[in-house]
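Trainee: Sequence:
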Amino acid sequence: MPIQPKTEPGSPPILSSTSNKSLETMSIPELIQILRVKWQREDYDRVEKVLVAREEKLKTKVGQLEEKFQVQSLAAIDAEKVQGLYETLFKEVKESGLDKETIENLRKKNKELECENRKLLELKNKCEVDHNAVDELRKKVAELEAEKKNNLDTITELNDEKIEDQPIARKKNFSLKRKRAEIDTQKDKIVDLINFKVAGIKIGLGEREKFIKNQKELHGYKRNIDPLSMWSEHFPFMLMADEYGQCSTDVKLVHDVDDVGIAQYLQVIGGRLLSIGRTQELKHASDTSDKKSMEKLMQENLEKEKKFRVALEKIELKDEKMNGLTEKMLLLEEKEKKLEEDKVDLQTKVMELTMEKKSFETDKDNHGSETMEQARFSAKLTKLLK
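Per UniProt numbering, the sequence shown starts with residue 1, numbered consecutively.
Errors might be hidden in some of the hints.
Claimed, not checked - List of simulated lysine-lysine pairs, DSSO-like, C-alpha gap at most 27 Å:
no.	residue 1	residue 2
1	Lys148	Lys124
2	Lys343	Lys119
3	Lys222	Lys210
4	Lys126	Lys328
5	Lys126	Lys337
6	Lys349	Lys109
7	Lys314	Lys140
8	Lys111	Lys306
9	Lys343	Lys109
10	Lys338	Lys126
11	Lys68	Lys57
12	Lys338	Lys109
FYI, nobody ran anything at the bench for these hints, they're computed from the structure.
Working from the sequences, and respecting the hints, build out all of it.
Mentor: Right, here's the structure in full:
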């Protein structure tokens, strides 16, 4: 009776700290060694489970490999059979002198197939070129749309820009002074009339003459017009001044500020009028320039919309052309498939003819009826070729 090994008291079992995962990684001799050290049913069960799992994995893997090997073997056998049949048929047809027409027909079919393949390749290349052209057109359309959006934004900004130069009222005194920061922010909006350009052209001599003529009309006196007009030479300025401008309070105020004050006041009034007049002039010039810029932008926008429509029409034409080419490619592929089937049928017919030839030669040796069999064979050959 074999002596069972004893474990020292207090020593942990060998498999107590060994997990199933570690057992799966052990080799078979290592597992047997563990069982030899301590024989317990639980240890045997655990080792048995590991070995059974390994066996199942190996069986599955072996089955898969066998199936794969069988498939490869069958494919190799089929390829060898087809190659052998083809070589045999080719050899027999080459040796035979009666199948020249069949060979010529096969050659014609092969040439037709090659031509169809070349056409297919050309169509594929043409489709790729057309596809690239359509992509370029789409990029141009996207650029035109972005440019159109920018133009619309510019027009909106020009419509929203308004120069507000209204004086701020403070009780009875009016001030046209503005903060330095406000003036600095509006420097870019100031139009220089000396170098001002309208549609890229400087103000000419005619504009200056028109300015002088307008000033003469406004500052002078006119004859033979309504006497109540303030530009009439008969308008009673002195009577109006005596009636409305000689209030005792106003006269006292004028005397109190003396001549120096009057001169300073006239300077202030003149300066303010100069500022107001210049501002209005620049505003009118800027509005005119903005209006022309808006008209130009609108015109450019219309032209770009026309280009955009033309590009869309081109894209639609390209898409229609590509659809037509795709249909042609499908038809050519169907024709190619049909030609391949015809080629296979012709090969089959050649094999049948070869068998008929052998049978004919056998019948010739046995019966000697060469003329009738040869006629029958030729008729059948002609029928099959048709």
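Trainee: Indicate, hint by hint, whether the structure satisfies it.
Mentor: Here is how each hint holds up against the structure:
1. For the proposed pair Lys148 and Lys124, the alpha carbon gap of about 36 Å is over 27 Å, so the pair is violated.
2. The suggested pairing of Lys343 with Lys119 holds, with an alpha-carbon distance near 19 Å, which does not exceed 27 Å.
3. Distance hint between Lys222 and Lys210 is fulfilled; the C-alpha atoms sit about 18 Å from each other, no more than 27 Å.
4. Taken as a hint, the Lys126 and Lys328 pair is honoured in the structure, with Cα atoms around 12 Å apart against an allowance of 27 Å.
5. For the suggested pair Lys126 and Lys337, the alpha carbons sit about 22 Å apart, so the restraint of at most 27 Å is met.
6. Simply put, Lys349 and Lys109 have alpha-carbon atoms about 14 Å apart, close enough for the 27 Å limit, and the pair holds.
7. Of the pairs offered as hints, the one joining Lys314 and Lys140 holds, with about 12 Å between alpha carbons and a cut-off of 27 Å not exceeded.
8. Between Lys111 and Lys306 the CA atoms are separated by roughly 50 Å; this puts the pair beyond 27 Å, and the hint is violated.
9. Distance check on the hinted pair: Lys343 and Lys109 sit about 7 Å apart at the alpha-carbon level, within 27 Å; holds.
10. Our distance criterion of 27 Å between C-alpha atoms is met by Lys338 and Lys126, whose separation comes to about 24 Å.
11. Under the criterion of a C-alpha separation no larger than 27 Å, the hint pairing Lys68 with Lys57 is consistent with the structure, at around 17 Å.
12. Distance check on the hinted pair: Lys338 and Lys109 sit about 11 Å apart at the alpha-carbon level, within 27 Å; holds.
Going down the numbered hints, you'll see the structure goes against 1 and 8, while the others check out.
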